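**Q** Spelled out from the first residue to the last, the chains are:
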Amino acid sequence: MEMNNNIEREIERSLETARGITPINAPAQFTEKTMQRIKAVKEEPFISVSVLLKAAAVLILICLNAYTIKYVFESPAPQTPTVTATIDDLANDYTVADVNTDWLNNKITKSHE
Amino acid sequence: MLIGYSMPLEIDISALRNKDEDAFRLLVDNFGKSIFNLCLGIVPIAEDAEDISQEVFVEAFKSIHTFREGAHIKTWLYRIAINKCYDHLKFTKRKKRFALLQPLFNKDEEPIEIPSNFQHPGIVLENKEHAKVLYAALDTLPENQNTAFVLYEMQGMNYKEISETMSVSISSVEALLFRARAALRKKLHQYYYNSTSFKK
Numbered sequence: 001m002e003m004n005n006n007i008e009r010e011i012e013r014s015l016e017t018a019r020g021i022t023p024i025n026a027p028a029q030f031t032e033k034t035m036q037r038i039k040a041v042k043e044e045p046f047i048s049v050s051v052l053l054k055a056a057a058v059l060i061l062i063c064l065n066a067y068t069i070k071y072v073f074e075s076p077a078p079q080t081p082t083v084t085a086t087i088d089d090l091a092n093d094y095t096v097a098d099v100n101t102d103w104l105n106n107k108i109t110k111s112h113e
Numbered sequence: 114m115l116i117g118y119s120m121p122l123e124i125d126i127s128a129l130r131n132k133d134e135d136a137f138r139l140l141v142d143n144f145g146k147s148i149f150n151l152c153l154g155i156v157p158i159a160e161d162a163e164d165i166s167q168e169v170f171v172e173a174f175k176s177i178h179t180f181r182e183g184a185h186i187k188t189w190l191y192r193i194a195i196n197k198c199y200d201h202l203k204f205t206k207r208k209k210r211f212a213l214l215q216p217l218f219n220k221d222e223e224p225i226e227i228p229s230n231f232q233h234p235g236i237v238l239e240n241k242e243h244a245k246v247l248y249a250a251l252d253t254l255p256e257n258q259n260t261a262f263v264l265y266e267m268q269g270m271n272y273k274e275i276s277e278t279m280s281v282s283i284s285s286v287e288a289l290l291f292r293a294r295a296a297l298r299k300k301l302h303q304y305y306y307n308s309t310s311f312k313k
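Taken in order, these protein sequences are the chains called A and B. At position 83 of the first sequence the residue is numbered 83 (my numbering), and the sequence of numbers has no breaks. At position 101 of the second sequence the residue is numbered 214 (my numbering), and the sequence of numbers has no breaks.
Keep in mind that the hints were calculated from the coordinates and are not lab data. Nothing here was measured: the structure is a model prediction, and the numbers come from that model. This list has only true hints and no planted wrong ones.
Straight line, CA to CA, 27 Å or less: simulated DSS-like cross-link-like pairs of lysine-lysine: (1) B:Lys146 x B:Lys203; (2) B:Lys132 x B:Lys146; (3) B:Lys245 x B:Lys146; (4) B:Lys132 x A:Lys39; (5) B:Lys206 x B:Lys146; (6) B:Lys299 x B:Lys241; (7) B:Lys146 x B:Lys273; (8) B:Lys175 x B:Lys203; (9) A:Lys54 x B:Lys175; (10) A:Lys54 x A:Lys70; (11) B:Lys299 x B:Lys245; (12) A:Lys42 x B:Lys132; (13) A:Lys33 x B:Lys203; (14) B:Lys132 x B:Lys175; (15) B:Lys175 x A:Lys33; (16) B:Lys245 x B:Lys206; (17) A:Lys54 x A:Lys39; (18) A:Lys39 x B:Lys175; (19) B:Lys146 x B:Lys241; (20) B:Lys146 x A:Lys42; (21) B:Lys203 x B:Lys299; (22) B:Lys146 x A:Lys39; (23) A:Lys33 x B:Lys132; (24) B:Lys206 x B:Lys299; (25) A:Lys42 x A:Lys54; (26) B:Lys203 x B:Lys241; (27) B:Lys175 x B:Lys146; (28) B:Lys203 x B:Lys245; (29) B:Lys206 x B:Lys241; (30) A:Lys33 x B:Lys146; (31) B:Lys175 x A:Lys42.
Bound-form chain A, shown alone:
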């Protein structure tokens, strides 16, 4: 019970602090500092260098993309020769003769020695 009362008291004190805040004056030179910032904004060129650079980068990217797309669409499709392969061609391509068996022969000779 006492704990609850203490908590309620603390809550009220915390909420009371909101009403007890004293309005304070703006810091020294506040107007001057603010006016300096306003002047700096006023003197800023309409288009700054950084904005120009960003725009240039975007433009270059767009041009590159456009060129790539154009290149892809305009270049003729690669002509693949029409080859008719028979099963015999395939068999000839993969004959035992293609297999290099030198390493096996060497191994056998070495083991005999």
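Guided by the hints, dock chain B onto chain A, whose structure is given.
**A** For chain B alone, kept in the frame of chain A given last:
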């Protein structure tokens, strides 16, 4: 066109639209203090609040052409300031890096974190510890509840001014304040309950 809004000096809106430096100087002179205090209400670090306040006027200078004829300049500046403050908080807070994951978790369960760099010059020393806890609890509230609470309790604005600043109806302001207070009580209760149990 001249507009005066709870300020002794009048602001020449057409001169502001023409980006007249003297008109802006007058604007900063007139509203610098209230904007700075508002920023301190949301970002309780004096240097950051000063920087944000200056940014508010720079933003006002850049976008004065968007200022609606007949609107209150103070309300407009307040809106810019609130947006700038939350942008700053989002940028600086580490936990906000995982903002995408936040909706997956229940925000009510989020424990309050006491800020280590708290330095609000408008709070007397004896209230500082309680204020720290309050700010930490405020930090866990949704932005609109936080804003309504700061404007009403810290800035002393009335419902009508808050509704204009936040572009919501007066009944919405009442609802936001009700929810903000309820959520704050819950968070503070959790915090003090845990710290009291821990001390025991």
